[in-house]
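Trainee: Taking the hints into account, I'd like the entire structure generated from these sequences.
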Amino acid sequence: AQSVAQPEDQVNVAEGNPLTVKCTYSVSGNPYLFWYVQYPNRGLQFLLKYITGDNLVKGSYGFEAEFNKSQTSFHLKKPSALVSDSALYFCAVRAWTGGYQKVTFGTGTKLQVIP
Amino acid sequence: NAGVMQNPRHLVRRRGQEARLRCSPMKGHSHVYWYRQLPEEGLKFMVYLQKENIIDESGMPKERFSAEFPKEGPSILRIQQVVRGDSAAYFCASSPGDGGNTEAFFGQGTRLTVV
Numbered sequence: 001a002q003s004v005a006q007p008e009d010q011v012n013v014a015e016g017n018p019l020t021v022k023c024t025y026s027v028s029g030n031p032y033l034f035w036y037v038q039y040p041n042r043g044l045q046f047l048l049k050y051i052t053g054d055n056l057v058k059g060s061y062g063f064e065a066e067f068n069k070s071q072t073s074f075h076l077k078k079p080s081a082l083v084s085d086s087a088l089y090f091c092a093v094r095a096w097t098g099g100y101q102k103v104t105f106g107t108g109t110k111l112q113v114i115p
Numbered sequence: 001n002a003g004v005m006q007n008p009r010h011l012v013r014r015r016g017q018e019a020r021l022r023c024s025p026m027k028g029h030s031h032v033y034w035y036r037q038l039p040e041e042g043l044k045f046m047v048y049l050q051k052e053n054i055i056d057e058s059g060m061p062k063e064r065f066s067a068e069f070p071k072e073g074p075s076i077l078r079i080q081q082v083v084r085g086d087s088a089a090y091f092c093a094s095s096p097g098d099g100g101n102t103e104a105f106f107g108q109g110t111r112l113t114v115v
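So the protein sequences, as listed, match chains A and G.
Per my numbering, residue 1 is the first one in the first sequence, and the count goes up by one each step.
Per my numbering, residue 1 is the first one in the second sequence, and the count goes up by one each step.
Hints are computed from structural coordinates only; laboratory data are not their basis.
Fair warning: there could be bad hints in the mix.
As the list claims (entries may be wrong) - Taking lysine-lysine and the DSS-like style, the derived pairs with C-alpha atoms no more than 30 Å apart in a straight line are:
#	chain 1	residue 1	chain 2	residue 2
1	A	Lys22	A	Lys58
2	G	Lys51	A	Lys49
3	A	Lys110	G	Lys44
Mentor: Pasting the structure below:
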């Protein structure tokens, strides 16, 4: 069964510092990987995705993520955090299972950027 | 092109009543996912549907819950005889197909409160 792990429930970082939100996955076959952000009382917004090609993927709002096949990881990063980045972040994987492509989400990581 | 539309945004039901949550996918999207999110928790997969077909309902409780995505009209998540534990935010997402390189787009959610 495919799974996604976000090992940190919460990440605190000072404004202006680099941030990393961790994600590891387990699938059979090649994964398609996604990051979403959720602001309070809102739906999820798509940030970026890895399908194939360059392991470093750039997305919205200055975020990027690095796909590491050997470590089965897809960590989200940003060089300089903003207070407005404070939100809930979800990692997701899409892969073939049981004859169709299933999407599985991690449990989410709350990012708190401290002014 | 309107995004994924969910209605109502807020729904209050008394215990024992029925709740009907609607999701209109983005134009051209034929795949719909439903997720449940409890306060301060991550997303829990409920069901994955294509037009007129349920592909995966492994996350949906066997009793009281049902979902459909008819050929015409929105997808409906129906909860019969609601209980307090059904109070949550229910999110719908749609995608154009089963291709792995397409991200899912989320609605703003329906917040169900059972009193």
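Trainee: Hints first: check each against the structure and report whether it holds.
Mentor: How the hints compare with the structure:
| no. | hint | in the structure |
| --- | --- | --- |
| 1 | A/Lys22 <-> A/Lys58 | holds, 16 Å |
| 2 | G/Lys51 <-> A/Lys49 | holds, 26 Å |
| 3 | A/Lys110 <-> G/Lys44 | holds, 16 Å |
Checked against the numbered hints above, the structure violates none of them.
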